[in-house]
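*Asks:* If you read the protein sequences in the order shown, they are chains A and B.
0 is the number of the first residue of the first sequence in numbering that gives the first Met the number 0; add one for each residue after it.
0 is the number of the first residue of the second sequence in numbering that gives the first Met the number 0; add one for each residue after it.
Treat the hints with care, since some could be wrong.
Given that identical chains are not distinguished, each listed pair holds provided it fits within a single copy or across any two copies.
Mimicking SDA-like on lysine to any residue, the simulated pairs with C-alpha atoms at most 25 Å apart in a straight line are [stated by the list, open to error]: (1) K49 x G133; (2) K84 x D21; (3) K84 x P110; (4) K84 x G109; (5) K49 x E108; (6) K49 x G144; (7) K49 x S116; (8) K49 x A118; (9) K84 x G120; (10) K49 x I141; (11) K49 x N148; (12) K84 x R139; (13) K84 x D17.
Hint data in this document are derived by calculation from the structure and do not stem from the laboratory.
There are 2 protein chains.
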Amino acid sequence: MRRTRFDADHCPIARATDLLADWWTPLVLREAFTGTRRFADFEANLDIPKAVLSARLSRLCDEGLLRREPYQDNPVRHEYRLTDKGRALWDVLAAMWRWGTDWCWPAGEGPVIALESRATGQVVRPVVVDEATGERLDIRSIRIGSNPNPHVR
Amino acid sequence: MRRTRFDADHCPIARATDLLADWWTPLVLREAFTGTRRFADFEANLDIPKAVLSARLSRLCDEGLLRREPYQDNPVRHEYRLTDKGRALWDVLAAMWRWGTDWCWPAGEGPVIALESRATGQVVRPVVVDEATGERLDIRSIRIGSNPNPHVR
């Protein structure tokens with residue numbers, strides 16, 4: 000159930016919110032990022048009602064974050080794969096992971112799981128930086144200005 | 000209205016979702032990050048119903064992202080300021096900003112606003128990297144493992 004649409008807004012956060020505030024959506028995406036592709040696997044891993052899962056997957060396809068691909072003929076069954084647009088949202092989930100890890104457990108406690116590098120096994124701690132300078136983003140040193148070139152990504 | 004709580008989950012994304020999926024919350028935080036502190040200003044800038052705004056601000060205080068501080072005595076009025084926990088969520092909103100900018104406008108178009116450095120005026124493009132290596136996060140090179148030290152942030 001969606002109460003308001005922010006799509007008309009000029010703000011990129013508002014457009015992302017319009018999608019992420021759909022209940023369950025970030026967790027469906029988390030599953031996709033960790034390799035889940037089939038309806039029954041999403042359902043089992045998330046313990047989510049079928050109708051809700053079906054609605055979330057359909058919307059993620061409509062918005063171009065997932066695409067449906069047949070993996071079986073008779074009967075036809077589909078799996079759900081991330082598109083480039085969907086894969087790009089990993090940065091948002093990674094930032095959520097870091098913030099949740101740092102701030103959403105009581106003092107002296109933390110999650111029993113961590114992100115780790117497949118290559119080295121080292122813990123990966125996501126952090127947001129400016130692409131040009133590599134420096135941490137400090138909200139106090141940033142303002143919202145006009146986009147010098149809104150026609151280029 | 001909240002339908003399910005994910006707080007019991009072990010996943011940091013689930014805990015962040017529990018907060019961010021509250022409708023309007025990311026936009027209330029965006030306002031706080033851009034300097035809005037007073038109820039009437041949040042209301043005017045967001046065009047949000049009073050009761051909804053009041054509920055969102057109360058929850059953000061309860062969760063420790065905002066704190067209420069009196070700015071006037073008679074009658075007593077409060078303003079809402081970001082805590083360290085709230086300020087840390089900027090990384091998540093910055094990642095949402097980038098993804099929204101890159102993917103939520105039609106091809107050849109983009110938002111008319113951009114983040115820019117107060118010091119240099121240069122456009123700031125948030126990107127998520129591994130804190131230890133400074134490298135971009137690629138979901139395919141990361142897995143979820145056990146946290147070697149869940150008692151340290």
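*Asks:* All the hints need checking, so say for each whether the structure fits it.
*Replies:* Hints versus structure:
1. K49 x G133: neither (43 Å within a copy, 40 Å between copies)
2. K84 x D21: Both: 17 Å inside a chain and 23 Å across chains, each within 25 Å.
3. K84 x P110: Close across copies (17 Å), not inside one copy (28 Å); limit 25 Å.
4. K84 x G109: For K84 and G109, only the inter-copy Cα distance (15 Å) is at most 25 Å; the intra-copy one is 31 Å.
5. K49 x E108: Neither, since 34 Å and 36 Å both go past 25 Å.
6. K49 x G144: Answer is neither; intra-copy 44 Å and inter-copy 28 Å both fail.
7. K49 x S116: neither (33 Å within a copy, 46 Å between copies)
8. K49 x A118: Classified as neither; 36 Å inside a copy, 51 Å across copies.
9. K84 x G120: Neither: 27 Å inside a chain and 28 Å across chains, both beyond 25 Å.
10. K49 x I141: neither (43 Å within a copy, 29 Å between copies)
11. K49 x N148: Answer is neither; intra-copy 43 Å and inter-copy 36 Å both fail.
12. K84 x R139: between (30 Å within a copy, 15 Å between copies)
13. K84 x D17: both (15 Å within a copy, 23 Å between copies)
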